[in-house]
Structures are given as C-alpha cells and as structure tokens.
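> If you're matching them up, the sequences are chains A and B in order.
Using our numbering, read the first sequence as starting at 1 and increasing by one per residue.
Using our numbering, read the second sequence as starting at 1 and increasing by one per residue.
The hints are simulated quantities; they were obtained by calculation from the structure and are not laboratory data.
Every clue listed holds true.
Only pairs whose alpha carbons sit at most 27 Å apart, straight line, appear in this in silico DSSO-like list of lysine-lysine:
(1) A/Lys43 x B/Lys38
(2) A/Lys64 x A/Lys75
(3) B/Lys41 x B/Lys102
(4) B/Lys41 x A/Lys43
(5) B/Lys102 x A/Lys43
(6) B/Lys44 x A/Lys75
(7) B/Lys44 x B/Lys102
(8) A/Lys43 x B/Lys44
(9) A/Lys64 x A/Lys43
(10) B/Lys102 x B/Lys38
Source: prediction; values computed, not measured.
Residue strings, one per chain:
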Amino acid sequence: EVQLLESGGGLVQPGGSLRLSCTVSGFAFSTYTMTWVRQAPGKGLEWVSTFTRGGDTYYADPVKGRFTISRDISKNTLYLQMNTLGAEDTAMYYCAQNFLYGTTWAGGFDMRGQGTMVTVSS
Amino acid sequence: IQLTQSPSSLSASVGDRVTISCRASRSISTYLNWYQQKPGKAPKFLIYAASTLQSGVPSRFSGSGSGTDFTLTISSLQPEDFATYYCQQTYTSPLTFGGGTKVEI
Numbered sequence: 001e002v003q004l005l006e007s008g009g010g011l012v013q014p015g016g017s018l019r020l021s022c023t024v025s026g027f028a029f030s031t032y033t034m035t036w037v038r039q040a041p042g043k044g045l046e047w048v049s050t051f052t053r054g055g056d057t058y059y060a061d062p063v064k065g066r067f068t069i070s071r072d073i074s075k076n077t078l079y080l081q082m083n084t085l086g087a088e089d090t091a092m093y094y095c096a097q098n099f100l101y102g103t104t105w106a107g108g109f110d111m112r113g114q115g116t117m118v119t120v121s122s
Numbered sequence: 001i002q003l004t005q006s007p008s009s010l011s012a013s014v015g016d017r018v019t020i021s022c023r024a025s026r027s028i029s030t031y032l033n034w035y036q037q038k039p040g041k042a043p044k045f046l047i048y049a050a051s052t053l054q055s056g057v058p059s060r061f062s063g064s065g066s067g068t069d070f071t072l073t074i075s076s077l078q079p080e081d082f083a084t085y086y087c088q089q090t091y092t093s094p095l096t097f098g099g100g101t102k103v104e105i
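From just these sequences and the hints, can you work out the full model?
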C-alpha cells in the first residue's frame, strides 16, 4: 500500500526557515517524480515544486530562490527546505506521488497523506 | 496558463446531473486533471488526461474536452460527492489549478 507521511510543519517567525519531510512507503521511491502542493487556509490549491525521477527540479515563481526540493533515496524521503518565510507561505503542505502520462514531466498528483501545516507569524 | 472554473459554487440534490467547466487561457491539449477535496482532507486524484478515470473512481464521474475547454460531469450525484472540485493543467510550468467549484446540497 502506498503511504506518504508529511512532517516538519509548525509555527515559524517571518524570515525564518523550516524543512518539511515526506517519508514514503509501498513503492519504488527512486523511480517516481514527486511534488509538493500547498493550500492556504480557506483557499485553493497551489503547486509548489517538483522533483522528477531524473533529478530535475521545478519551482513555482513565488518560492523560486527561497525553497529547495530534494530527496534522500536511502531514507525514502522527499524534502522541502523553506527559507525566508513570509505570511504568504502559511498553508497546509501536501506531498504527492506524480502519475505520469503522455509526454508531460509532471502528470497528475496523487496526494495520499494528511499534509503538514506551516504557519508563519510573529 | 490560467484556469477558470465555473461556477464557483452550485447547489444540487442527490440524483442530479452536475457539470463543472474549466477553461484554459491557451491550449493545453488534453493535459488536464481533476481532483475532489472534502473538508479537512487531502485532494483526491479523480481524472487525468482530461477524460481517463483514475483507478477506483466511480463511473458516474466523467471528463471531456481538449484545447481550452474542459468539463467534469457527475451523472447522478451521490451524498459522498458533495465536495470541492479542482482542475489542474500539467501542460507547462508553472503548473496551475483552477479556483475550485464547491458542490453543495
């Protein structure tokens, strides 16, 4: 059974940093593209970043230069290092296993975890 | 690429046929996905490539469209279908979602 377990969220002051983790099981982690998606309270979904199975990384403009996505295959874990956090980063962060199809590098997002909440406030 | 969903919300009854529209600001071929989200839960991946149901998704859900105009249809609304639905394009970066359509009783 595929499982995704997000962790690392919490309350952080503006300008601070946080590292989110997504520990996976039930599939061959190294062969999958993975993604972070977030949702601000009461708002819609927003794509944040993708780490392709080939090792390429992609970022949404609002987080480019501040967030870094990475993975540790030995730990079956996807990370999101978030620096210089602002109030606009307050959101539930979901980890997703990408479902690839056609020629797209991203496909669809299979979000099976409960998410981890990040709150940026003084 | 901007995705505009309509309506933003709708009221329906069990057994109704429900249609949700998603319009892209430019052509995305069929690189369009649909998600269902219930309060306090992670979104559920429903449909990919505009019209292909994910494994386990009931057949009352269907998707159609290509280019810029897409539709999600629920043929006979069930109590468990009351939720918010999002479309998402995977044609090009930045990947984007529609604003959502809340289906209420």
